[in-house]
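Starting from the known structure of chain A, fit chain B onto it as the hints suggest.
There are 2 protein chains.
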Amino acid sequence: MKDFTEWFENVLDQAGLVDTRYPVKGMYVWLPYGMQLRGRVLGILRRLLEETGHQEVLFPLLIPEDQFAKEAEHIRGFEDQVYWVTRGGGSDLDVRLVLRPTSETAMYPMFSLWIRSHADLPLKVYQVVSVFRCETKMTKPLIRVREVTTFKEAHTVHATAEDAERQVREAVEIYKRFFDELGIPYLITRRPPWDTFAGAEYSIAFDTVSPEGKTLQIGTVHNLGQKFSQVFRIRYLDRDGNHRLAYQTCYGISERVIASLIFTHGDELGPCFPPKVAPIQVVIVPIPFEGFDPLPLAREVKERLERVQLRVQLDGGEERPGEKYYKWERRGVPLRIEIGPEEVRQRKVTAVPRDTRERLEVPLADLEARIPELLGELGERLRRRAWERLKERIVEASSFEELKGEGVIGRIFWCGREECARQVEEQLGLSMLGMEVEDPSVGKCLVCGREGKRAVVARTY
Amino acid sequence: MKDFTEWFENVLDQAGLVDTRYPVKGMYVWLPYGMQLRGRVLGILRRLLEETGHQEVLFPLLIPEDQFAKEAEHIRGFEDQVYWVTRGGGSDLDVRLVLRPTSETAMYPMFSLWIRSHADLPLKVYQVVSVFRCETKMTKPLIRVREVTTFKEAHTVHATAEDAERQVREAVEIYKRFFDELGIPYLITRRPPWDTFAGAEYSIAFDTVSPEGKTLQIGTVHNLGQKFSQVFRIRYLDRDGNHRLAYQTCYGISERVIASLIFTHGDELGPCFPPKVAPIQVVIVPIPFEGFDPLPLAREVKERLERVQLRVQLDGGEERPGEKYYKWERRGVPLRIEIGPEEVRQRKVTAVPRDTRERLEVPLADLEARIPELLGELGERLRRRAWERLKERIVEASSFEELKGEGVIGRIFWCGREECARQVEEQLGLSMLGMEVEDPSVGKCLVCGREGKRAVVARTY
Chain A
1 MKDFTEWFEN VLDQAGLVDT RYPVKGMYVW LPYGMQLRGR VLGILRRLLE
51 ETGHQEVLFP LLIPEDQFAK EAEHIRGFED QVYWVTRGGG SDLDVRLVLR
101 PTSETAMYPM FSLWIRSHAD LPLKVYQVVS VFRCETKMTK PLIRVREVTT
151 FKEAHTVHAT AEDAERQVRE AVEIYKRFFD ELGIPYLITR RPPWDTFAGA
201 EYSIAFDTVS PEGKTLQIGT VHNLGQKFSQ VFRIRYLDRD GNHRLAYQTC
251 YGISERVIAS LIFTHGDELG PCFPPKVAPI QVVIVPIPFE GFDPLPLARE
301 VKERLERVQL RVQLDGGEER PGEKYYKWER RGVPLRIEIG PEEVRQRKVT
351 AVPRDTRERL EVPLADLEAR IPELLGELGE RLRRRAWERL KERIVEASSF
401 EELKGEGVIG RIFWCGREEC ARQVEEQLGL SMLGMEVEDP SVGKCLVCGR
451 EGKRAVVART Y
Chain B
1 MKDFTEWFEN VLDQAGLVDT RYPVKGMYVW LPYGMQLRGR VLGILRRLLE
51 ETGHQEVLFP LLIPEDQFAK EAEHIRGFED QVYWVTRGGG SDLDVRLVLR
101 PTSETAMYPM FSLWIRSHAD LPLKVYQVVS VFRCETKMTK PLIRVREVTT
151 FKEAHTVHAT AEDAERQVRE AVEIYKRFFD ELGIPYLITR RPPWDTFAGA
201 EYSIAFDTVS PEGKTLQIGT VHNLGQKFSQ VFRIRYLDRD GNHRLAYQTC
251 YGISERVIAS LIFTHGDELG PCFPPKVAPI QVVIVPIPFE GFDPLPLARE
301 VKERLERVQL RVQLDGGEER PGEKYYKWER RGVPLRIEIG PEEVRQRKVT
351 AVPRDTRERL EVPLADLEAR IPELLGELGE RLRRRAWERL KERIVEASSF
401 EELKGEGVIG RIFWCGREEC ARQVEEQLGL SMLGMEVEDP SVGKCLVCGR
451 EGKRAVVART Y
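Chains A and B supply the protein sequences, listed in that same order.
FYI, our numbering numbers position 426 of the first sequence as 426, with every residue one higher than the one before it.
FYI, our numbering numbers position 222 of the second sequence as 222, with every residue one higher than the one before it.
The shape of chain A in the complex, shown without the other chains (with noise of 0.2 Å):
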């Protein structure tokens, strides 16, 4: 993969997921292939909230200039990136409206209608909309785009802090959860307090690796304490009759994830979506020869594969076997199957995983075990080796010169303080995601040499 930037649209392209020529920078049109991988990705985000008790719900999309404005730290966070709508209906508006940033504000003064005593806490609840930001940087589909077309936002309330803090582990979980059955590597830690969401008391990031070695941020989970709660007055009535001010968090995943599915589990050719979300899971290549007829065994193979539930496509068109193998690999179907003269003759199939390209022999009667059976391992192998390949940039670093590599990804110990952190940007132009939320240990840190926690530097979007 020389150039990246390249690589990944040439892939969504191919791959026909997205259209990157809409007339609006920084605005795609989501394909139909596109959209059945996207609703794959939901699914598996959806099930893993409403397992824990989270309850869609659906926010209006234009928020009040007032509303908006009220939590002072927040609009100062957000309020050179978003999109005013100032006219409506042939005339000036009397009160502006803003795109939702994301939904804080547009939530929050209906959970002080909804919340009145302890009985109605925890309330947690998520949605998934478009968010809109004015970025000025680079646009780049499905990475920095100025529509979020696909942003997941939970937000729950609390009565206690503790109930707050202990919210913020099980959305880490959830999202732990949620990256693993993708197959996506992360790292997880705690912002510093310049990259904190604008409002929150402190706020806890995953971010993954690209290919050309820098990270990018593909969930976060915010602890709003009281901050929200105190200016939207969000209260309760607890058990001895007394007000009190609730806590709150709010975790979000975007469509970065599947940014992320594409680049991690890439090659040259282009990406190989794990099973689990795979829009076509196995793709039929029959091989015509002349005195046999591959077609009614490829229809067989094909009945049976869908009767065990998997999603398969059966190629019957002109083209040569070599350019459908060529086509398919471009799409992302982790397993091809081809059925020629041979298969027919030995009631057999020839099986190729799109990852190792492995040609594999299955004959027909272990077609409906050994075909999952497939699938799954390949799964397996496509996480290992993406932790592998991001676990091989780390460098444990105890001096600035370890970390000159290309590409690599930095765990340091470090203060705490924001001039140390400067230092490691200026010299080496790795930027400071923040301390490792999973890592206790505690040494010297790597530019002033005082008492410092575990953190990692890297190249980032």
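Note that these hints are calculated values from the structure, not bench results.
Just so it is clear, the structure is predicted and the values come from calculations on it, not from any experiment.
Possibly wrong hints are sitting among the right ones.
The list makes no distinction among identical chains, and a pair is therefore deemed to hold if it is satisfied within one copy or across any two copies.
What the hints assert, rightly or not - Pairs of lysine-lysine, BS3-like flavour, derived with a Cα cap of 30 Å: (1) 276 <-> 124; (2) 137 <-> 302; (3) 302 <-> 444; (4) 140 <-> 176; (5) 276 <-> 444; (6) 453 <-> 176; (7) 124 <-> 25; (8) 124 <-> 327; (9) 25 <-> 227; (10) 444 <-> 404.
For chain B alone, kept in the frame of chain A given last:
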């Protein structure tokens, strides 16, 4: 139902479907229960569309002004009711962006890139999105809103006028099946020219009727001819190598279908959801009595019904049974099962359909067979009654006098001229819905006596 508007907003509130207190006029919050209902309704629609070869896509929300303005009739039809984004990222935008009121002008420039030859046709796509209309009329939740949160719009492209015509018929069939599954009765008319979709050759509309006797447009199908394909240059190479202009159709359904579900099958107390889409199909209310604990049996019944794929809620709360009955009736649960001492003793349950309120005894042994049957019968009953109620309102009129009753829907003969329609409007307050699509009979125009066709007039929203 004395005051329909009051009843309707009450029901929405008490059933926990939508919260109407969002601080922007005409914009509402979907609550979890409403989202579940909406999801099931959309599920039916998606299935019908996928079965007929429509593929889901997702286009950006924002349309640049120059694209939006390309089709002259279209912009004239919409410019008075659109919202404009004029600022973003802290400064005025070079090109103003419109919040889509519908997506023709977002989609069709892309269609012209996608379509090259006859092999690319027909193109049949749909999306489910929010669209925005800055309504100046009085807003009403789910009925007249400024953010239509549930807009299913399908768009198709065809090689010939005949194909487009055939597609219009297919769309009408899809919508008929859709409303039939929901038990919502409808009238199908071809809208008069002055009520045709801005940019269409002609429009066919589905209307249903509210309890106060006004018709509500709940679905539309438009034959766009070549009006848009000309402007957006949607051309294809035919089999003989000639460039040809394509033909187009589009058709849409909005959350008014949810409003119709509620008022069509509602009574004084609230809604009664058809079992096919009810978020909870069966609620079990245990009735404790000294010496008898109905909970074990209630749990057994729940488990057994869930095993046959029913959506069941066991209400084990503290309220008295009567309060529970009332609560679940107002939430539109179609079937209640009561389990008290008698039921435990006799190994049976008492089933109470929401509509008839009959008390039916079902032996435990028949549970898995009888309960789904009761739900099926209930759904059928809802549908039949709804159609009866619509038909009772219809008056086949050959004089103005006959059309003077409260909530009358008139079937008249009409010559097609605007001045005759205007006379009906002025003298009777009844709007011309249009010519009936499925009735070929002819007769003398009610107003002028010229030859006319079957047309429908009614009070409308």
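Hint check results:
{"no.": "1", "hint": "276 <-> 124", "result": "both (27 Å within a copy, 27 Å between copies)"}
{"no.": "2", "hint": "137 <-> 302", "result": "neither (47 Å within a copy, 55 Å between copies)"}
{"no.": "3", "hint": "302 <-> 444", "result": "neither (60 Å within a copy, 60 Å between copies)"}
{"no.": "4", "hint": "140 <-> 176", "result": "within (25 Å within a copy, 42 Å between copies)"}
{"no.": "5", "hint": "276 <-> 444", "result": "neither (43 Å within a copy, 64 Å between copies)"}
{"no.": "6", "hint": "453 <-> 176", "result": "within (22 Å within a copy, 65 Å between copies)"}
{"no.": "7", "hint": "124 <-> 25", "result": "between (35 Å within a copy, 26 Å between copies)"}
{"no.": "8", "hint": "124 <-> 327", "result": "between (43 Å within a copy, 23 Å between copies)"}
{"no.": "9", "hint": "25 <-> 227", "result": "between (34 Å within a copy, 27 Å between copies)"}
{"no.": "10", "hint": "444 <-> 404", "result": "within (20 Å within a copy, 90 Å between copies)"}
Going down the numbered hints, you'll see the structure goes against 2, 3 and 5, while the others check out.
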